[in-house]
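Peer 1: Sequence:
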Amino acid sequence: MNVCIVGSSGLVGSQLRGLLSSKHKIIELNHHKCNIESFDVESLAKMLGNIDCIINCAAIFEQNDTAKLLSINSLGALNIAKLAVLLQAKLIHISSTSCEQHSDNEYFNSYGISKLAGELLIKDYLAKQNIEFSIVRCSQIYDLNWKASKNQPFFYNLISSASHNSKVIFYGNGDVKRNYVSLETVVNSIKYIAENKVDDFGYIIGETLRVSELIKKMSQALDKPIEIEWDKGKPSLKTIHIPYLCQNFSEHFQTNLISDIKEMVTNEKN
6 MNVCIVGSSG LVGSQLRGLL SSKHKIIELN HHKCNIESFD VESLAKMLGN IDCIINCAAI
66 FEQNDTAKLL SINSLGALNI AKLAVLLQAK LIHISSTSCE QHSDNEYFNS YGISKLAGEL
126 LIKDYLAKQN IEFSIVRCSQ IYDLNWKASK NQPFFYNLIS SASHNSKVIF YGNGDVKRNY
186 VSLETVVNSI KYIAENKVDD FGYIIGETLR VSELIKKMSQ ALDKPIEIEW DKGKPSLKTI
246 HIPYLCQNFS EHFQTNLISD IKEMVTNEKN
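Here the working numbering is used: the first residue of the sequence shown is 6, the next is one more, and so on.
Everything labelled a hint here was simulated from the structure, so no lab data went into it. Keep in mind it's a predicted model, so treat the numbers as computed, not measured. Note that beta-carbon positions come from the ideal geometry of N, C-alpha and C, so glycine has one too. Some hints here could point you the wrong way.
[What the hints assert, rightly or not] Cut-off 30 Å, straight-line C-alpha distance, at most; resulting in silico cross-link-like pairs (DSBU-like, lysine-lysine):
hint: 1; residue 1: Lys196; residue 2: Lys239
hint: 2; residue 1: Lys51; residue 2: Lys152
hint: 3; residue 1: Lys239; residue 2: Lys221
hint: 4; residue 1: Lys30; residue 2: Lys152
hint: 5; residue 1: Lys133; residue 2: Lys229
hint: 6; residue 1: Lys95; residue 2: Lys196
hint: 7; residue 1: Lys221; residue 2: Lys95
hint: 8; residue 1: Lys73; residue 2: Lys28
hint: 9; residue 1: Lys95; residue 2: Lys182
hint: 10; residue 1: Lys229; residue 2: Lys243
hint: 11; residue 1: Lys274; residue 2: Lys182
hint: 12; residue 1: Lys222; residue 2: Lys182
[To be verified] Estimated spans, in silico, between C-beta atoms of each pair:
hint: 13; residue 1: Glu234; residue 2: Lys73; range: 52 to 58 Å
hint: 14; residue 1: Ser27; residue 2: Ser165; range: 53 to 59 Å
hint: 15; residue 1: Ile174; residue 2: Ser43; range: 44 to 50 Å
hint: 16; residue 1: Asn150; residue 2: Glu234; range: 26 to 32 Å
hint: 17; residue 1: Lys73; residue 2: Pro158; range: 30 to 36 Å
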């Protein structure tokens with residue numbers, strides 16, 4: 006297949022490029038080559054030519070710039086849908102569980118709203134088009150080499166603290182939920198979606214667990230006891246929501262937190 010990866014220089018896009026390149030021809034689109042929120046769709050379609058699948062990994066996370074969030078995560082997503090129609094290409098749009106409209110999801114902020122708007126614009130635009138597409142919500146993505154630490158500071162700081170100390174401190178008294186999924190699971194799942202016909206909506210997720218359970222896994226990975234201290238004088242951590250029953254595109258590519266944490270600790274030291 007000829008596969009166009011939008012956002013090919015980002016965490017997911019760059020890893021996906023390496024994985025797919027052995028079997029498919031990869032065409033890269035990133036912010037160095039075009040602005041997805043403002044490109045001329047028809048001109049770009051002519052330039053790209055024959056494309057079988059578009060994978061949209063482009064996104065920004067800047068909470069303080071709502072206009073930019075909407076421009077790239079929402080309007081940019083719509084432009085990619087228009088491009089898919091002109092090219093008659095399968096579209097895979099990478100979204101986020103921050104979109105979840107549920108009282109348990111305390112991450113439904115400006116970023117989550119912008120990603121949800123992108124999903125809705127794609128669904129609306131493609132509703133009457135004969136285009137195969139999948140919208141994929143990913144949970145909290147981590148990698149083994151600490152590249153995702155900027156977007157998942159709590160997870161990486163917790164690993165670092167647990168590896169250097171015998172006690173970790175949590176704010177508040179809420180034993181909140183987390184769902185971390187490895188970058189390897191994410192890209193293997195996207196590869197599966199690209200190469201097979203799947204549902205038009207689903208999830209790429211890891212194991213949903215409470216932070217106390219996460220510490221138990223870290224304790225196993227580090228082979229030492231780790232005590233939890235609750236600082237109840239400060240606001241509790243935010244919690245997430247993952248639907249109990251959902252289309253799980255990653256069911257064949259399970260994340261192994263314990264072995265991954267072991268490798269992450271080694272990589273931090275190096």
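Peer 1: Failing hints, ascending?
Peer 2: Of the numbered hints given earlier, those the structure breaks are 1, 2, 5, 7, 8, 9, 13, 14, 17, listed in rising order.
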